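Residues 1 to 247 in this note's numbering are what the sequence shown lists, from first letter to last.
Where hints are given, some of them may not hold.
Claimed, not checked - No farther apart than 20 angstroms at their CA atoms in a straight line, the calculated lysine to aspartate or glutamate pairs in the EDC-like style are these: (1) Lys80 <-> Glu187; (2) Lys80 <-> Asp181; (3) Lys223 <-> Asp127; (4) Lys223 <-> Asp74; (5) Lys25 <-> Asp90; (6) Lys142 <-> Asp21; (7) Lys231 <-> Glu93; (8) Lys236 <-> Asp140; (9) Lys223 <-> Asp243; (10) Lys159 <-> Asp74; (11) Lys146 <-> Glu3; (12) Lys142 <-> Asp243; (13) Lys241 <-> Asp21; (14) Lys198 <-> Glu105; (15) Lys25 <-> Asp92; (16) Lys126 <-> Asp143; (17) Lys241 <-> Glu3; (18) Lys126 <-> Asp90; (19) Lys25 <-> Asp181; (20) Lys32 <-> Asp127; (21) Lys198 <-> Glu93; (22) Lys198 <-> Glu175; (23) Lys236 <-> Asp225; (24) Lys32 <-> Glu101.
Source of the hints: derived by calculation from the structure; they are not laboratory data.
These numbers were taken from a predicted model, which means no experiment stands behind them.
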Amino acid sequence: MIELNRILGADYFIFYNISSDRNIKRILHHYKAQGLGEIIQWDLPRKVTFLDWFLNFFNKEKIHYHGQIAAINDCMYRNKGVSRFVVNQDLDEFIIPREHESWSELISHLPSDSSSFVFRSTIFRKDWSETRNTISFGEDSKDALKFGSITILKQFREKRIFPFDQRSKYIVRPECIISSDIHYITEHKAEKSCGNYKVPESLALVHHYRNVLSYLAPSLLIKDDRINIFKSRLLKRLHNKWDLLMN
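Between the sequences and the hints, there should be enough to build the whole structure, so can you do that?
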């Protein structure tokens with residue numbers, strides 16, 4: 001996840017950690033020690049109590065999915081005046097340009113009066129059994145299997161591309177954002193340079209690698225090997241990190 005995003009243009013990562021095992025902690029602290037990220041222990045309560053003024057009694061509400069929306073907005077405000085752009089995506093998602101090789105190159109071809117760029121999403125199902133048929137079995141494929149690089153191993157996706165605001169993810173200029181949701185920006189500053197742009201799927205897609213565990217007819221699949229333009233660089237980085245962390 002981290003190395004592919006670095007290839008795409010990420011310079012710094014903020015990890016909101018609810019819980020993680022020893023190996024994950026070791027990896028996160030490795031990137032922190034390199035000055036590439038910070039770890040925020042995200043220990044929000046499962047429920048909050050508030051006074052309902054209309055009904056005049058205390059009520060308890062669950063915090064939505066570990067406070068995900070709070071984490072997104074926390075990240076946005078931490079980066080105002082610090083980062084030129086903030087990328088919002090999950091650990092199993094990657095915003096992949098279709099005609100360019102980095103996010104910055106892609107954004108340079110998008111409207112300059114926009115401050116948020118929203119991308120449509122599609123699913124690469126991890127539970128499909130085609131893994132060993134998507135790549136030729138040379139050294140590259142052996143390495144991809146060794147490192148568990150699901151982005152290289154899974155190259156068939158659903159033909160379905162979700163509409164904007166449904167599973168979408170985004171890249172934003174944080175100084176223009178007032179509040180954000182998981183899949184879209186809820187409020188921009190009222191400035192001409194703070195517009196919202198919906199990026200055509202011909203220019204970029206969110207690749208979402210996940211288990212679905214439901215039948216999908218082969219006719220609804222499509223081969224998508226766009227990730228291969230990053231393959232050699234990604235495997236080289238994974239090799240280096242593997243050797244470093246194993247030693």
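For each hint, the structure was consulted:
no.	hint	verdict
1	Lys80 <-> Glu187	15 angstroms, holds
2	Lys80 <-> Asp181	17 angstroms, holds
3	Lys223 <-> Asp127	16 angstroms, holds
4	Lys223 <-> Asp74	37 angstroms, violated
5	Lys25 <-> Asp90	18 angstroms, holds
6	Lys142 <-> Asp21	26 angstroms, violated
7	Lys231 <-> Glu93	16 angstroms, holds
8	Lys236 <-> Asp140	10 angstroms, holds
9	Lys223 <-> Asp243	32 angstroms, violated
10	Lys159 <-> Asp74	34 angstroms, violated
11	Lys146 <-> Glu3	16 angstroms, holds
12	Lys142 <-> Asp243	16 angstroms, holds
13	Lys241 <-> Asp21	18 angstroms, holds
14	Lys198 <-> Glu105	17 angstroms, holds
15	Lys25 <-> Asp92	18 angstroms, holds
16	Lys126 <-> Asp143	18 angstroms, holds
17	Lys241 <-> Glu3	9 angstroms, holds
18	Lys126 <-> Asp90	15 angstroms, holds
19	Lys25 <-> Asp181	27 angstroms, violated
20	Lys32 <-> Asp127	32 angstroms, violated
21	Lys198 <-> Glu93	18 angstroms, holds
22	Lys198 <-> Glu175	19 angstroms, holds
23	Lys236 <-> Asp225	18 angstroms, holds
24	Lys32 <-> Glu101	26 angstroms, violated
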